[in-house]
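Student: Spelled out from the first residue to the last, the chains are:
There are 4 protein chains.
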Amino acid sequence: MDYQKILDEIYKEVKPYIGKGKVADYIPELAKVNPKQFGMSVVTLDGELFSVGDAQKRFSIQSISKVFTFTMALKMYSKELYKRVGVEPSGTPFNSLVQLEYEHGKPRNPFINAGAIVVTDSLISYYKDEFITLENILGFIREISKKGDININPQVAKSEMEHGYRNRALANLIKSFGNLDNDPITCVETYFKHCAVEMSCEELAHSMLFLANRGTDPLLKKEFCSPTQAKRINAVMLTCGHYDASGEFAFHVGLPGKSGVGGGIVAVVPGKMGICVWSPALNRYGNSYAGTIALELFTQKTGLSIF
Amino acid sequence: MDYQKILDEIYKEVKPYIGKGKVADYIPELAKVNPKQFGMSVVTLDGELFSVGDAQKRFSIQSISKVFTFTMALKMYSKELYKRVGVEPSGTPFNSLVQLEYEHGKPRNPFINAGAIVVTDSLISYYKDEFITLENILGFIREISKKGDININPQVAKSEMEHGYRNRALANLIKSFGNLDNDPITCVETYFKHCAVEMSCEELAHSMLFLANRGTDPLLKKEFCSPTQAKRINAVMLTCGHYDASGEFAFHVGLPGKSGVGGGIVAVVPGKMGICVWSPALNRYGNSYAGTIALELFTQKTGLSIF
Amino acid sequence: MDYQKILDEIYKEVKPYIGKGKVADYIPELAKVNPKQFGMSVVTLDGELFSVGDAQKRFSIQSISKVFTFTMALKMYSKELYKRVGVEPSGTPFNSLVQLEYEHGKPRNPFINAGAIVVTDSLISYYKDEFITLENILGFIREISKKGDININPQVAKSEMEHGYRNRALANLIKSFGNLDNDPITCVETYFKHCAVEMSCEELAHSMLFLANRGTDPLLKKEFCSPTQAKRINAVMLTCGHYDASGEFAFHVGLPGKSGVGGGIVAVVPGKMGICVWSPALNRYGNSYAGTIALELFTQKTGLSIF
Amino acid sequence: MDYQKILDEIYKEVKPYIGKGKVADYIPELAKVNPKQFGMSVVTLDGELFSVGDAQKRFSIQSISKVFTFTMALKMYSKELYKRVGVEPSGTPFNSLVQLEYEHGKPRNPFINAGAIVVTDSLISYYKDEFITLENILGFIREISKKGDININPQVAKSEMEHGYRNRALANLIKSFGNLDNDPITCVETYFKHCAVEMSCEELAHSMLFLANRGTDPLLKKEFCSPTQAKRINAVMLTCGHYDASGEFAFHVGLPGKSGVGGGIVAVVPGKMGICVWSPALNRYGNSYAGTIALELFTQKTGLSIF
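Protein chains in written order, with our numbering: chain A, 63 to 369; chain B, 63 to 369; chain C, 63 to 369; chain D, 63 to 369.
Hints may contain errors.
[Claimed, not checked] Interface residues of chain C toward chain B, partial, derived using beta-carbon atoms under 8 Å:
#: 1; residue: Val160
#: 2; residue: Glu163
#: 3; residue: Lys220
#: 4; residue: Arg228
#: 5; residue: Ala231
#: 6; residue: Asn234
#: 7; residue: Leu235
Just so you know, the hints here were simulated from the structure itself, not pulled from any lab data.
Think of the CB as a built atom: it goes at the ideal place given N, C-alpha and C, for glycine as much as any other residue.
Produce the complete structure using the sequences and hints provided.
Tutor: Next comes the structure, spelled out in structure tokens:
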């Protein structure tokens, strides 16, 4: 299939939607981003790369980082991790605190904030220090994306810390149930920092290759997780990857994926490719407006949906 | 692929698990079923049928009927239906009432009880009478399964009615928010009746063919819903089809599916086949114990998982 | 103290507020009432009666009837009753279903709807028939108010039944937890009927005398409950008698009391008198607008507040 | 009435219950207290003091301090305070987070932890510094109790800070709704510190005199709040003063009161006296086991209940 042609078509068709929606404005640093940007990249298992638009421009990956930390924790702890965090979809954001309370501090899945904070805590416990933890998260991301200069945007991290009271509430509640080993503020700060990593579409598409290839990056020939773990991560991305619009995404796009409020969405076509799309303005569910449409067009044009 | 050989292998490997778990006992009629039964059927798009065990024995389809009523309502009302029922996963059973309250009587998806009751209400409004509604549900089921003698077990329906206070509570709460057109008790009784339909694995596997073939039954050459609607139904089955174990099922089986407390599970391999497995004893999530294992073995042996 | 003079003053001062607020309109029968009415009565333990305004006009007592059914059940079951219904304040109406769920179908107190339905169920179990139950409730009310012609308004009862889906939801939920002996619809209908009793201010003030006199009506010389039970009923009226404004009422009025959406409020001055005020238009908490002000003026002018 | 004789009788009768129940053990410092202690004091409006047992021994006042901070904030902000904290009873502890979420960060009353944290925040905003705030809280307590050496136990405060994750979660959640002006951790620490004040029964009984005398301490001849504010504080103590047993306390004791997990309970007889009882072992609601019984005996023997 001529993926470059398909991406070019998508870029053309999606243009009227670029800038529609609303850039995340809960922290000043994210609110500054120009909404009229769009990039998309596809990397096949044999390393062919196709891109359009601002695919080389770095943006704040935000919740996409949860895929990376979940992968790292799953490799470290294997099934033991599921004692601390589940793999089932959660309901509305309203329920997050109710569910944590009712389920005694065990978050429903690693992609809601509560779950990602527990995952981050498990990494800090493993590395025994938050700085070393961040270094290793960065190291992992640099390796799977094949780019050594990926880094954290300190302004974004700082901005999150100044406004993240709800996440602090979650972390303290989890701690009160005994499901955090480390200090809740340390966990939240480390979490904010790995959310503030900046990457481009091309780098993120590359970083999905191991999930498209049963845990082993086909270019690096390195196993980052077992085939079963890769299947698990893909399944959790499909059922829980898009906040309160996971069902919509499963239908419209039909691929395992994960979105972030920075406007990025990664997706995986098992056995075939890694994908990333980015456009900063968000729809009412907090997922990239133009990005969601672009992915839907991609599965329509290629017939790659799983349904 | 030699599906008969694969089914024979599965039957052998799953034997130690048949009868493990617990038959649904919340109503006396279901509690009477012998747990030591197991059947499985696969039907390909060209009509080849493969079966093992008690695949011709009829059992109570229970929540699997929600797939049929959702299909009917989607065809009648198209996108209008989503104003009354969502397509997103819900959280714990505990949350069912909280969510209904918080979301003003709009159930999260058509496969939780609240959602299925709204779907049934929409059918009654369409047919203007509950008896005619049931006749049409039965007619639809008989057509897609190609068996004219499929029917409701009146003892099971009566037993449900005698114990279904929680479902009555849900229906009355939905009504209080104005999201039921008809009398809540009528809706619940009609719902209980279509749950009490009895079918065999072979019949249920056949009834999934239209979903495996973009809405059109390949043997009858008849469209039961549009390709987009079939995709939607499959997506909802994947994300919401197994109560509080939808995430687990997505991972272990990796196919759109729907389970019932009678011990049946249907699954769809898009573009390839319809599947049904049955074994009455349930795991702690209310899904067939041996049935879930059998489906997992099937996707392992055939490599048909979507991830 | 010259209570007649005080009532006359109150009547004059409260006039600008009569008709302010909103008549209960959730059922058509209650919505028809002329809001520009006001009556108030005080009866002392020695039987002196003081009245102003429409104190002899009968109105729908609604939730005030919960005081009578609670008294009857407490006499029948004594402390055993507390196994089925608590005596603690509840939170917001929103919480009613959440709390019932979390507390396994045991309502927080006998003055929220869920609790009153359980109390009504306990009366039906005692009398073994809902008709006999209603006859006995009416008999009790006629006796304590010394008026043989008090009766149920069948239009109001019917109107409630046609719109009371939320109460039906509560009753079915309680039943699903095993905390109703009788059919939930029977309980709700009986509950709606005793809420539809019509009485005047003079009759209701009289009916409070036994609670002002440690359980024994001073005029009839008859004990309707023990001194301890009377104290309990007064305490529950103070802490739970006014929906989500019980704290406000305790502060502003400072007397045990119970309001109904028909616009009536009864109050008790322990050791001294029974009081009833009525004006149909309600404030935003569902309590009589002018009535609440009149009671506040009464405690200010007489210094009878308990604080 | 011979109050000394009554206290002596109570001491004798309550002896079998002293030590029954369980000392608060959620922080190590409180768990160390010898449970076999009991003290009780009564001070009349003319300054007569009656005591029994360990009435001069200081203990951790814990939540009783909420009465003092609420009084101070009410005087500073008057009715404006009610925009930030309500005066209605709350439901179960489970509901605390649900209610805060549903009611957008406005706590139900100043005596649940969430409410007390908001009150503390309002004091810090007034004094513009947490150290000065604590100095003024201590100053207020020293003045109303007429004892200049009352102080904070730093070990208890430190112990709370090391274990108070749930309170930190509440504070951060309130902050996320914009209902805290200051840093949530500062608010929680200041709150923990004023809870760690140590006072004796005699001192606490004295400190209730202004509430028994319409806001003015009869011995100091000084108004600490207006008559209306005193009435409000008493009403809130009656309806919300004893966690999930406020209804039970209203019934059994029938006086405005406030308990703390240190085992102290203060109570007010409006127009007559201030009372304090202390015994460290708690009943299942977290209120002093022997203390509650002693207060019940006191109202029985004196007939001073408000019902």
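Student: Under the criterion of a CB-CB separation shorter than 8 Å, is glutamate 163 of chain C in contact with chain B as hinted?
Tutor: 6 Å, holds
Student: Let me know if the C-beta of leucine 235 of chain C comes in closer than 8 Å to any C-beta of chain B, holds or violated.
Tutor: Check passed: Cβ of leucine 235 of chain C comes within 4 Å of chain B, closer than 8 Å.
Student: Restraint: asparagine 234 of chain C near chain B, CB-CB cut 8 Å. Satisfied or not?
Tutor: The hint holds - asparagine 234 of chain C has a Cβ within 8 Å of chain B, the shortest such distance being about 4 Å.
Student: Once the shortest beta carbon distance from valine 160 of chain C to chain B is found, is it less than 8 Å?
Tutor: It holds, given that the least Cβ distance between valine 160 of chain C and chain B is near 5 Å, below 8 Å.
Student: Would the hint on arginine 228 of chain C be counted as holding, given a Cβ-Cβ threshold of 8 Å to chain B?
Tutor: 4 Å, holds
Student: Given alanine 231 of chain C as an interface hint, is the shortest Cβ-Cβ distance to chain B below 8 Å?
Tutor: At 4 Å from the nearest chain B Cβ, alanine 231 of chain C passes the 8 Å test, so the hint holds.
Student: Per the CB criterion, is lysine 220 of chain C less than 8 Å away from chain B?
Tutor: 16 Å, violated
Violated hint for the displayed structure: number 3, the only one.
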